[in-house]
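> So you can see what is in the structure, the chains are spelled out below.
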Amino acid sequence: GQQVMQIPQYQHVQEGEDFTTYCNSSTTLSNIQWYKQRPGGHPVFLIQLVKSGEVKKQKRLTFQFGEAKKNSSLHITATQTTDVGTYFCAGRRTGGFKTIFGAGTRLFVKA
Amino acid sequence: DTEVTQTPKHLVMGMTNKKSLKCEQHMGHRAMYWYKQKAKKPPELMFVYSYEKLSINESVPSRFSPECPNSSLLNLHLHALQPEDSALYLCASSQGSPGTPRQSGANVLTFGAGSRLTVL
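Those sequence lines, one after another, are chains A and B. Numbering follows the numbering used here, with no gaps: position 72 of the first sequence is 72. Numbering follows the numbering used here, with no gaps: position 99 of the second sequence is 99.
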């Protein structure tokens, strides 16, 4: 079945450092979504990528979708304490009907 | 209104109890979902309702029984649960059904705050 792997499992950074999480799928994806879940909170949608090689930016966040549509990354520039939380990628395989979540990357930011 | 509302926020129940979790959205979304999330794990899909009909059941045990009374409401009836069923239960909705074309944002999930369930 479809699997979506996400690394690293967690990362500790000093405030101001950059952070990247990577997502890889065993199958070609029709789209990939990214969600953020704050501690004690619920997943909140950040962005959706659909096109091969797509790059989107939201302020300090940069999202990429690989050329083969099997991998994606989220990069945060100059992390802030408000970036703390778990970042999930979620993909739907081509022709599929279910959105499968990656395991998530927990980000810890030290002030 | 861009929210998904879940009640109760917290629920403690015994293994012989019957209880229900409720979810409501007024965004006109056509698909509603139940996810189960254990600590430090991703949300795990349980059920999907599309246009008020059950379209996906991820082989969930029958002690969990979903119900969709109308397009705005989604319930999850709980009976004879086990301690390992303790988790955060998340309701979500999306504008379109899971089969909606990929280019649209129609399958973006809007989650509720969740119901934290403890089974004793």
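FYI, nobody ran anything at the bench for these hints, they're computed from the structure. Accuracy of the hints is not assured; some may be wrong.
[Claimed, not checked] Per label pair, the in silico range of CB-to-CB distance:
1. His77(B) with Thr62(A): 41 to 49 Å
2. His12(A) with Ala39(B): 25 to 33 Å
3. Ala78(A) with Ile56(B): 34 to 42 Å
Think of the CB as a built atom: it goes at the ideal place given N, C-alpha and C, for glycine as much as any other residue.
> Now tell me, hint by hint, if it's right for this structure.
A quick look at each hint next to the structure:
{"no.": "1", "hint": "His77(B) with Thr62(A): 41 to 49 Å", "result": "holds, 43 Å"}
{"no.": "2", "hint": "His12(A) with Ala39(B): 25 to 33 Å", "result": "violated, 19 Å"}
{"no.": "3", "hint": "Ala78(A) with Ile56(B): 34 to 42 Å", "result": "holds, 40 Å"}
Checked against the numbered hints listed earlier, the structure breaks hint 2 alone; every other hint is satisfied.
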